[in-house]
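Enquirer: Those protein sequences? They're chains B and W, same order as listed.
Each residue of the first sequence is one higher than the one before, counting from 95 in the numbering used here.
Each residue of the second sequence is one higher than the one before, counting from 4 in the numbering used here.
Honestly, the hints are just simulated from the structure, not real lab data.
The reader is advised that the hints may include incorrect statements.
In silico DMTMM-like cross-links for lysine to aspartate or glutamate, where the CA-CA straight-line distance does not exceed 25 Å [as the list claims (entries may be wrong)]:
| no. | chain 1 | residue 1 | chain 2 | residue 2 |
| --- | --- | --- | --- | --- |
| 1 | W | Lys109 | B | Glu263 |
| 2 | B | Lys295 | W | Glu348 |
| 3 | W | Lys292 | W | Glu392 |
| 4 | W | Lys115 | W | Glu99 |
| 5 | B | Lys268 | W | Glu204 |
| 6 | B | Lys295 | W | Glu99 |
| 7 | W | Lys35 | B | Glu292 |
| 8 | W | Lys35 | B | Asp364 |
| 9 | B | Lys268 | W | Glu392 |
| 10 | B | Lys360 | B | Glu210 |
So the derived list for chain W, only partly shown, Cβ under 8 Å to chain B, looks like this [to be verified]:
| no. | residue |
| --- | --- |
| 11 | Ile51 |
| 12 | Ala116 |
| 13 | Phe182 |
| 14 | Leu186 |
| 15 | Leu213 |
| 16 | Val220 |
| 17 | Leu295 |
| 18 | Pro296 |
| 19 | Pro300 |
| 20 | Phe303 |
| 21 | Ala350 |
| 22 | Val353 |
Even glycine gets a Cβ: it sits at the ideal position worked out from N, Cα and C.
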Amino acid sequence: MDVQTPQLHFEPGEREPELIHFRAKSRDWASCLFTGLTGLATWLILGMLGVILVNILVNGWTGLSWRFIISNSDQDMFDVNKAGVLPMIVGTAARVILMTLFVIPVGVTTAIYLTEYARTTSLLTRIIRGAVNNLAGVPSIVFGLFGLGFFILFVGGLMDRSVLGGGPEPRWGKPAILWASLTLAVMTLPVVIVATEESLKAIPQGLREASLALGATKLQTILQIVLPQAMPGIMTGGILSVSRAAGEVAPILFTGAAYYMASYPKALTDQFMDLGYHVFILSTQSPNIEQTRPILYATVVVLLLLTFALNFVAILIRTRMRKQMRALH
Amino acid sequence: MAESRQTSGRSHGWMGLRRGHQARPLEWLGEKAILGVSLSAILMVFLIFLFVARESLPVLLGLADSGVYHEPVSLEEMARMPRGELADYLDLSAAEMERMDEATLKLLMEVKAEEIAAAPEDKDARINTVSWPYLLLPHQWTGYDKPEFIWQPVSAIHKYNVVPLFIGSLKATLVALLFAVPLSLAAAIYVSQLAAPRTRELLKPAIEMLAGIPSVVLGFFALIVLATVLQNTFGYQSRLNALVAGIALGFAIIPVVFSIAEDALTSVPRSYTQAALALGASKWQAAWKVVLPAAIPGVFAAVVLGFGRAIGETMIVLMASGNASIVSWNILDSTRTITATIAAELAETVVGGHHYRMLFLLGTLLFAVTFASNLVADLIIHRLKARLEGKA
């Protein structure tokens, strides 16, 4: 006599069976209308997204060539037949890689504190969470001002006045790839914290308890049991922060991006060319917008492919991670 | 006696250290380091405010003076003048100043002295344009026939009235909200309440893909494609205006408003819907009359966050709004926003000059506005979640 009771409570993330469809006897026209309208809005958003992507891909495909991707712009960056985006790709890659070196250790440590040590009700935890949320909402141009005011003028200025500086020319107190990366690191800190926290929370409590029961200390448990398990989540956070930062232009306008450079950045104090900034230059400063349209579209395609590829990889890792976690639970 | 033994048994040892930590000082240090690093988010928010506000402090406190009338400076005095002041006096940017050699500078000094001697004095020349009345109230400048709000930092007399920029930002933001909020709320209701679970799992990431498009790409699209299409359709005068910028801004905030509203709607306990359906409501009635009212604070928070994001967005408005600082509520006029002004003008300013300080003041105001909207949204969501979980 086993009566199956319907499952009423669901763990977060668990798939709920669909609600039983009731088909109203009398056709409820309001229901039909509004369901249709909200559905229409959804598809309208997706349609507009599709239009943007298709327009960019179709127009960009013609200007995109292997030569365009791997050549320098040392001739003329507005010349359709000679311009290339390699320096911008290198500059963008360099600044985001440098950024991850700063943001991942800090972000992961903060996430560890928030999930493993902090009491959820304590005032400090709430303040940290509030700060993280606020950091995520600060306008990107304000990060640019902050980078200029804090990193370049204050930190850079201090370094110039100390033994690190040399000569009358400022060495640190000027726009540089180091300052741009640090500014972006501050900006993407919330992304890394949130992603890492999510993956730490997904690790079964039993794993920690088993480790503690075997005599490991809390820190040992975190470093040797919890962190390796959370690796995919940390990677996702890193990739998401990279994809967010790769497309940002406003924070690097005054902190390191160069309009044009003949050479690649070789030192932390060099400026760099950047894909996103280059899109801005090509769309607003071009001497002949009609003529440079192919390279403009091609540059946009390169930038979009880069950010979407990164997003895609992050989503893949996250999906795999969630599946593994579900198996572990 | 017994009592003291009991407390010492329960005590945490010397200075709050437990035995284990005393035995492993490295570990104790490590844990303190973790705590220290995790405070960096607080530190950063604090530093951002401190350093952006610091640069604008002289204007904020009314200590800066932008009066452009100068007594002519003689060549002997020139040697004693700080370089920044000299650059201001000669109307040069810092970069231009670097390139000048001594002889050219002397020549410029003579030209300037002649200029001052020859020109009849403008009645506005002695005005400190960065004092609060001139920042906020209209003024009848020389050559204008009525008092006006003017942001014009590159003319002979630097005019820094912030009203046109605030109107510009609000205009673009309102258009963005009018465009994005209905669409994203409808989509959030559909995806969270009405769509089949399988469709939902496809729709949600697809809409959130919009967030992956860099804002410079949206700006580019608005500038190159959208502006032309809209102008051809409606046939208005200025190609770039608040409408074009606002719609592109709307694209940027759709994923924000959508995911927060969707989150709020999903966090309403399933039992609410089930109860409504059991009473004979249709799915739509359950969503509209039960779930939405329960989640309304979250929906409000989504709109507030969308507002904060739209008013702080830079590249889209810089590229697609036309950047003319006119006081007009017509959305078909070219518009200059706060963010675009900072982005476009900061590179030309002299570090420490009043134009530079004014742009940092705009940044400070912007930070304050978004900080407030984040805080409000945060509190609303926090309370909503607590309430729903308490009831559930």
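Enquirer: Does the structure break any of the earlier hints, and which numbers would those be?
Expert: 2, 5, 6, 8, 9, 10, 12, 13, 17, 18, 19, 20, 22
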